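Engineer: Here's the letter readout for the chains.
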Amino acid sequence: MSTSSLPDRCDVLVIGAGIVGNSLVHHLAELGWTDIVQIDKGPLPNPGGSTGHASNFIFPVDHSREITDLTLDSMRQYDEMGVLTTSGGIEVARTEERMEELRRRMSSARAWGIESRLVTPQEVAEMVPFLDPEVIVGGFYTPSVGVVDSLRAGTIMRESAQARGVLTTVANVEVTGMTVTEGRISAVQTDRGDIEAPVVVIACGVWSPRLARMAGAHIPLTPAVHQMISVGPCAQLAEKPGEISFPIIRDMDTFCYERQHGSDMEVGSYAHRAILHEPDEIPSIAQAKLSPTEMPFTEDDFDPQLEQALELMPELLGDERAEIRYAINGLLSLTPDGAPVLGETPEVKGLWSCAAVWIKEGPGVGRAVAEWMTHGNPEIDLGHSDIARFYPHQRTRAHIRARTSEAFNKTYGIVHPSEQWQSSRPIRLSPMHASQRELGAVFYEAAGWERPQWYASNEPLLEEFGDAVMPREHEWDARWWSPVINAEHLALRARGGIVDLTAFAIFDIVGPAALDAVQRIIVAQADVAIGRVVYTPVLDETGGFRSDLTVMRLAHDRFRVVTGGAHGMVDQKWFADHLPEGASLVDLTSAYSTIGVWGPRAGDVLGALTDDDLSPEAFRFGTCRLIEVGDLSVLASRISYVGEFGWELYVPIETGAQLWERLIEAGRPHGVVPVGIGVYTATGRIEKGYRAYGAELDAERTLSETGMERPKVKDADFIGKEAVLAQAGQPPKAVLCALTVDDHTSASGVKRYMLGGEPILGRDGEPLTDGHGHHPYVTSAASAPSLGKHVLMAFLPPEQAVVGTELAVSYMEELYPVTVASVDATPLLDPDNLRVKGRYAELEQSGTGSTATGAPVAAEPVGVA
Amino acid sequence: MSVLVLVEPEDLDDLGAGLSVVSQEVLTFARSLPGDEVDAVLVGAVGQPTEAVLAHCREQGVRTLHVSPDARLERYAARAWARVVDAAAEAGGAAYLIGGGTPHGNEVLAHVAAARSVPMPCNVVAVVQSEPLEVERQVVGGAVLERVALGDGAGLAVASVAGHAVAPQAAPSPGPAHVAEVDVELTDADLAAQVVRIEAREGGDTSALTGANVVVGAGRGVGGPDQFDDVEALAARLGGAVGVSRVVTSLGWRPHHEQVGQTGSRIAPDLYLACGISGAIQHWAGCSSSKTIIAINTDGEAPMVTKARYAVIGDMHEVIPAVLEELS
Amino acid sequence: MADVLVCVKRAPDTSGEVVLTADGGSIDGRYAGYSMSSHEECAVEIAVSVAGDTGGSVTVLTLGDDDSVEQLRAALAVGADEAVRIDATADDYGPADVAAAIAEVVQARAGEGRPFDLVLVGNDAADTGDHQVGIRLAHLLDRPVVAGAQEVAVSGDRLEVRSSVSGPTEVFDVPMPAVLTVWEGGVEPRYPNISGRMKAKKARIEVLEPSGAPRGSGRLGLRVLPPPESNVEVLGEGKTAAPRLVDVLRELGVVR
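Residue numbers (the working numbering), protein chains in the order written: chain A, 11 to 875; chain B, -18 to 309; chain C, 232 to 487.
One chain only, chain A, in its complex shape:
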């Protein structure tokens, strides 16, 4: 029997008793929290949210490793609670294109170590006798697919926390307001009194935005409809005991699923138009006919799916006696980028979001967020789900609605890894956008910025470089790609390129304690001379990566941090959260435009515009200073992410267009062209073995695994230092390597190019396992046009991390031979960094510099240790 009186204070208040809130209170209790209060406005055990009507099945394989890890952890937890029933599941394909996608799913299954296999229509029909094999061309079978009782699991977890005597759960309490004191949550008002709490978690699913708004915070999600009907009783199902005896079918091409539920068959759909609701417009429990999140069924939207379901299971669903007894428009949460919304809100200290989580991830998310709340370091990296990732425009209602509408039909869609959003664009334009349009830029979006991926104006370069641009034959490999990227790359290496980097996130750490602040946050030595530029990892307490970025010391009390746009908001929050008294953070992202100019002629191009001495000796690598570009004042920083001599040039955003025009003009006589982000983020860096946060670097990786360990650790204390010292000298469990593809020819004779995410196997296809028990997969894949190779980065088990090791990559269920070309991310191109140093003449003389020598020179890409 639940306690009906609401305590007036607690250490942590969890709002919501769906699968997420229940998982969270359980794990908080496990981690030692002793005064937890959980409330829900609905009754228990089913308070009326999305958990109550969930179809409750779990397919573990997802292309996202983060989501897969959370799902696998959740399945383990459900199993331990005894609420997981394994049924197996088959994703069936009706088309060859879909079959290809299922092969891609096999890649993910192998990469994440989940047992799966492709099956023929006949094999599907043997497992699911009421499915018409004529309709499909094949399937992707995962034996571990199962269904869970999420309500029961919630009760078990809640009761486990209650049994420890640390949790008070009160049902039928509605939150009416929140009190924020000096930026911190301090109390929550309810219809049954106020409760003081220094930490509050919103785990309210579709209602979360409404709750967050009470505190002035944003949880960017929207309630959306997922339609489901239940058909029965079906004779073939009724004769089997229990809830489920047949594998669950996902009919991928029709965006439908068929899931046995006792004697009924539930048919669900993601094929209909996106039907979005407003969090404020969800009915109360009393107003709803079934529950607040089971909205009236709209038949017209479902009819086409019904026909397709009937096609797949004509006998079972066509049975006259099988009636449609239950049909709902169930509400679930959608986010602009499809990922959950987890973590402390950037607006209000102590106010956490745990929202947009599906049944399959619930307990795993509960555990990870509880760890995050307790000691800051979830075992599973939640980087892609961090609520801090959203820029202000991404929190607007219009953006959320536009992106979720667009994303809805991607739920079962075939989504290319480079696929671009169409809606809510353009939002953020760099000052040279108009010029870029004239140059025929093909824009890709990052964090709302429109960034040229490549320029149509560079098409003539294709002729200049011929086959060196490594054209791709297969449509999938060439989708969202252009050989112009590789041509621009070759032009950059041969002469030079100008890159718009306005999307960088830039912020200053200022004040008397600025040095202390930066010293404590970054791994590299921050106490450097004014004018030095430092490239550095940023670690968490366990030594896992939070970021990698550059820091310029501009004054004794001013450090400028430059980081990638996509991750910029999260980095800002990390710095802000760790500032001591006397240091503050100033966001300058919208104040500065950045333009990169690199390559053998970069000095000539910039030199034509300035009287400053730009020689490598006078303007040393890893330094920055103000220069005059005619009548423009420019902060020039000599670093490079593409492995060439040159600068990042920072100017006030209003003068960005001027600088751009002058650089383009000055570049013309030298054959220096604008170069797109396709070079900057892929081909340029992969030849140099430069890692990317989110691909090679995340909280589960260490300095030693990524080849970023330095012989000496600085004396000053910094976050993660203990872990770094403990790791020092320990053999890494996996080693970052670059592999080259030896032969691209597929069985059909078409040359194939991997795009990332593929499993790395032994030459004959045998699985490899690293010291973490993980299987290696491709973290980044790109052309290396200067080498004439397709290069893959992957963390290999130490035994295989030896130059020359012959392995294989599995792509679309075919094996391609690969060879380890470098370990510890040693550059494949120009390992002596002659290019970065501006010593192009020596490069010419030695005639080398285009391939790795194998010398274990740890080249520091940008900056000093």
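Incorrect hints may appear among the rest.
[Claimed, not checked] List of simulated lysine-lysine pairs, DSBU-like, C-alpha gap at most 30 Å:
1. 433/C with 420/A
2. 583/A with 731/A
3. 359/A with 583/A
4. 470/C with 288/B
5. 420/A with 761/A
6. 288/B with 272/B
7. 432/C with 420/A
8. 272/B with 470/C
Worth flagging that the hints you see were computed from the coordinates, not collected in a lab. From a predicted model like this one, the values you see are computed outputs, not experimental measurements.
Starting from the structure of chain A, add chains B and C where the hints point.
Structural biologist: Below, chains B and C alone, put in the same frame as chain A:
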């Protein structure tokens, strides 16, 4: 200008019981209308009205009680009854005709309104204004009140009055309750739809959930498919049927025909004893018409408990055996 | 052979707490959805069984806007053969207007030589509760009408109709053609199956223009009454409550 009230006896077969409570309420309500006198009409009772009927009429200040001597009207025939009512309204010069919002009341009044082509608001609870006439009436089972304008006021104003809209109260001074006979020439058409016989209501069939007078409901709280013994024993002891929630049938513990709820049967027994059922809205939709609900649940805040008339907080597997023992 | 017309109305579902539209002029179904009333679901069930038993047909009729096609299809999905929609805004129509509109359809079909032997309506609509459309219709058509019909059996050209809505079961014997207003509880409406849904989806809906302007219902506005407070009486906890519970069972007369 008078008000005519269609009155019904408490028991059609026994006029000694006087007028129904609803009819007494309607007579009370009639006095709130702008009429000088209240008359009544009683149909279906052959011969002189009983003293009990007359006493109620006098108490309510009735001037004239119209009755019909025609033996063909003894069995219910709405259109024929309406002819009598219509004639009584004519005879008494009624400006208003009202009756109880009962199935018979509504039906007879609707016939009069249809015959005269005048509006008939049902289940009126109050007169908002009399010139021009506006009333408020119940819709959606009384959850909503609708304000209705009744037009120009020409002709007879017909309305039914919702049960319990007012409490019956004696008139300030008793009425004479003169008995007047209304003679109507009935046609075959008037009698085409007439009760030919009355059947006793069927009951006691424990297998038919919807017909049961007592239903013992069981939800997930039962625990498993082999845990229904005490529920069945209790249903048998109370002469009722077993009903279950959706989750119970979904889990395959019980057959679908026992399901009560939105996706199962809707029941209206005299007693619904809900054991281990939380009372999800979808279940409530199926059982809310029960006359009395008793909930047995471990959670004192479960909706089934708060919506019930009576509740026992506890494990059904402890409570039911104790009840059975108490009953033996 | 009995050809049956069954009339249904798209009305907001009122099984939950009622929500009004912004102007307070009507009940809003945005949360609970729209459906025909339970009475009408039973009317459709009776129509389909009568037609099935006699080899006749079922035509379903509604008066409403384009959205009300959903209710016609719901009837088609469980066995109605034809569907007709009078294209009008239902809120503009009072019960007398609706009866007149239905009568017009019935008379037109009789004029075409395809008369309806039986017209079924729900006893009253979920949102307006007028209790009179069927009776007014019977007067306009000059046919007998039984209100509160729950069970219907056809023998020859007569109907045996049962109604228990006033207590004891009243049995009527009426000649066809007739009008019945159906009250829920006598039959169990069937659910659609998938083939029924497919058939309904493809069926053609005949659309009629209303003749003449409606007089209206006289509705001036609606207001919602607050829901009743919980009046639960807790009899006790655990098995100690058993004696008290048995007392209540005795008071209720379910045990002696």
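Engineer: Take a quick look at whether residue 433/C and residue 420/A sit within 30 Å of each other, Cα to Cα.
Structural biologist: With Cα atoms ~29 Å apart, residue 433/C and residue 420/A stay inside 30 Å; holds.
Engineer: Do the alpha carbons of residue 420/A and residue 761/A lie within 30 Å of each other, as the hint requires?
Structural biologist: Judged against 30 Å, a Cα distance of about 28 Å means the pair holds.
Engineer: Against the 30 Å threshold, does the CA-CA distance of residue 359/A and residue 583/A hold or violate the hint?
Structural biologist: holds (11 Å)
Engineer: Holds or violated: residue 583/A and residue 731/A, Cα atoms, limit 30 Å.
Structural biologist: holds (20 Å)
Engineer: Is residue 272/B close enough to residue 470/C, meaning Cα to Cα at most 30 Å?
Structural biologist: holds (25 Å)
Engineer: Measure nothing beyond the straight line between the CA atoms of residue 470/C and residue 288/B; if it is 30 Å or shorter, mark the hint as holding.
Structural biologist: Between residue 470/C and residue 288/B the Cα gap is close to 22 Å, so the pair holds against 30 Å.
Engineer: Decide if the proposed pair is consistent with the structure: residue 288/B and residue 272/B, CA atoms, cutoff 30 Å inclusive.
Structural biologist: OK: residue 288/B and residue 272/B at ~12 Å, within 30 Å.
Engineer: CA of residue 432/C to CA of residue 420/A, is that 30 Å or under?
Structural biologist: This hinted pair holds, its Cα atoms lying about 27 Å apart.
The structure shown violates none of the earlier numbered hints.
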